[in-house]
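Whenever a hint applies, use it, and build me the whole structure from the sequences.
Protein chains: 2
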Amino acid sequence: MVKKQNIPTETIKRMIAYLRYLERVKDKGVKIISSRDITLLLNIPPAQFRKDLSFFGEFGKRGVGYNVENLIDTIKKLLGLNKKIKVIVVGAGRLGTALIQYPGFSEINIEIIGAFDINPQKVGQSIKGINIYNIKDIKKFITKNNIKIAILCVPADAAQSVADLLIEAKIKSILNFAPVVLILPEGINIANVDMAGEIGSIIYRMKEQA
Amino acid sequence: MVKKQNIPTETIKRMIAYLRYLERVKDKGVKIISSRDITLLLNIPPAQFRKDLSFFGEFGKRGVGYNVENLIDTIKKLLGLNKKIKVIVVGAGRLGTALIQYPGFSEINIEIIGAFDINPQKVGQSIKGINIYNIKDIKKFITKNNIKIAILCVPADAAQSVADLLIEAKIKSILNFAPVVLILPEGINIANVDMAGEIGSIIYRMKEQA
Chain A
1 MVKKQNIPTE TIKRMIAYLR YLERVKDKGV KIISSRDITL LLNIPPAQFR
51 KDLSFFGEFG KRGVGYNVEN LIDTIKKLLG LNKKIKVIVV GAGRLGTALI
101 QYPGFSEINI EIIGAFDINP QKVGQSIKGI NIYNIKDIKK FITKNNIKIA
151 ILCVPADAAQ SVADLLIEAK IKSILNFAPV VLILPEGINI ANVDMAGEIG
201 SIIYRMKEQA
Chain B
1 MVKKQNIPTE TIKRMIAYLR YLERVKDKGV KIISSRDITL LLNIPPAQFR
51 KDLSFFGEFG KRGVGYNVEN LIDTIKKLLG LNKKIKVIVV GAGRLGTALI
101 QYPGFSEINI EIIGAFDINP QKVGQSIKGI NIYNIKDIKK FITKNNIKIA
151 ILCVPADAAQ SVADLLIEAK IKSILNFAPV VLILPEGINI ANVDMAGEIG
201 SIIYRMKEQA
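These protein sequence lines map, in sequence, to chains A and B.
Note that the first sequence covers residues 1 to 210 in the working numbering.
Note that the second sequence covers residues 1 to 210 in the working numbering.
FYI, nobody ran anything at the bench for these hints, they're computed from the structure.
Everything numeric in this text was worked out from a predicted model, so none of it was measured.
Heads up, a few of these hints could be off.
Any copy will do: because identical chains look the same in the list, a pair fits if it lies in one copy or spans two.
[What the hints assert, rightly or not] Under the rule of at most 16 Å between Cα atoms (straight-line distance), these lysine to aspartate or glutamate pairs were calculated in the EDC-like manner:
1) Lys84 - Glu107
2) Lys86 - Glu111
3) Lys170 - Glu107
4) Lys76 - Glu208
5) Lys26 - Asp157
6) Lys172 - Glu208
7) Lys28 - Asp157
8) Lys122 - Asp73
9) Lys148 - Glu69
10) Lys136 - Glu168
Written out as structure tokens, the structure is:
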């Protein structure tokens with residue numbers, strides 16, 4: 001039985017970490033893995049691992065170990081990552097350019113199929129085979145390619161207006177790297193990544209300790 | 001009076017966002033700014049902004065607006081960002097290379113002064129003027145340059161052993177991009193950034209909505 005209700009975001013994130021780890025051991029030719037090996041290498045308490053999996057029902061037999069390929073397929077299916085997820089990157093500055101090349105996305109079946117920018121010197125270029133298009137063509141592109149997810153890495157003062165444009169184009173989820181709080185209609189999924197904020201907060205804690 | 005106790009991490013992160021925003025308006029020549037303008041552009045409720053500042057005591061006069069340069073200086077001082085903070089990047093892969101060039105760090109006075117890798121083809125190269133050193137020299141470098149903070153972007157299966165090395169070298173804080181949970185001694189500050197986990201969690205929520 002699959003228990004679907006109220007799965008914590010932290011569980012989902014750990015499932016993604018398990019998945020990325022399993023993909024790597026699979027690439028090394030490993031066929032069977034114990035939960036102990038998974039949890040040892042990711043530093044997750046074994047009880048946590050079992051609890052995470054239990055949100056999704058039973059799979060694998062305790063004591064026998066998991067078939068790596070089966071476990072990958074099962075987790076992918078549970079998380080909705082069993083088919084390629086096409087995403088776009090909006091803002092092809094230094095961070096956007098980096099994200100286009102970030103291997104952690106493709107590992108979990110996420111494929112960046114286009115990037116958008118307002119800068120005429122960037123439009124028409126490509127990064128590792130990903131074309132940079134003019135942002136004025138973004139709505140047409142989203143509709144034509146049935147894109148549901150955008151990675152937003154434009155400057156802070158452009159972020160809300162670009163987000164509004166994405167919503168108009170029927171984007172359903174945004175991974176936001178701009179250091180602003182986006183105002184979005186209900187039902188839109190948002191995740192914020194604030195790297196400067198994270199490092200700033202540890203610097204503050206260090207200052208307080210001193 | 002400065003009230004120092006129990007400032008939530010979310011407040012610190014918003015302070016960093018205010019700071020980055022103020023640096024940008026300062027660059028545009030703005031001298032005086034109202035709290036309304038700050039909160040409008042970052043989409044923060046004005047009451048939230050006032051509450052965030054109140055953690056640090058009174059500054060600025062309501063109704064008059066803030067002197068941009070003074071507010072920047074005050075926030076920097078409060079957060080421990082009033083002098084350059086030297087950091088190192090460990091792991092000069094695609095993500096590490098991107099982070100070396102990420103403008104969001106230098107905006108808040110964080111200066112990357114070196115990168116480290118195990119790959120002999122990378123060691124000796126430089127990225128935007130930042131040298132890539134051999135990881136076997138990292139302890140000497142940390143001691144010599146009195147580094148307290150490391151940005152960790154090595155692969156998952158190397159993350160714990162590299163973190164152990166950093167702790168041996170007396171690093172006090174780690175910004176971790178590897179999708180593992182690091183086991184660290186008490187008193188070490190850690191912040192985790194998991195970009196694949198964040199996007200994976202919004203894909204899962206989209207799947208559940210469908």
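Status of each hint after checking the structure:
For a Cα distance limit of 16 Å, the shortest separation of Lys84 from Glu107 inside one copy, 11 Å, qualifies, whereas the shortest one across copies, 36 Å, does not. Proximity of Lys86 and Glu111 under a CA criterion of 16 Å is satisfied intra-copy only: 5 Å inside one chain copy versus 35 Å between copies. Taking CA atoms no more than 16 Å apart as the test, Lys170 paired with Glu107 passes in neither setting, with 26 Å inside one copy and 33 Å between copies. In this assembly of identical chains, Lys76 and Glu208 lie within 16 Å of each other by CA distance solely across copies; the values are 14 Å between and 42 Å within a copy.
Only between protomers do Lys26 and Asp157 lie at most 16 Å apart by alpha-carbon distance; the minimum there is 14 Å, versus 43 Å within a single protomer. In this assembly of identical chains, the alpha carbons of Lys172 and Glu208 lie at most 16 Å apart only when taken from different copies (13 Å versus 40 Å within one copy). Proximity of Lys28 and Asp157 under a CA criterion of 16 Å is satisfied inter-copy only: 12 Å between copies versus 45 Å inside one chain copy. When the C-alpha separation of Lys122 and Asp73 is checked against a cutoff of 16 Å, the pair qualifies neither within a copy, at 38 Å, nor between copies, at 35 Å.
Taking the shortest alpha-carbon separations for Lys148 and Glu69, neither the intra-copy value of 28 Å nor the inter-copy value of 41 Å comes in at or below 16 Å. Proximity of Lys136 to Glu168 under the C-alpha cut-off of 16 Å is restricted to the intra-copy arrangement: shortest distance 13 Å within a copy versus 52 Å between copies.
Comparing the model with each earlier hint shows violations of hints 3, 8 and 9; every other hint is respected.
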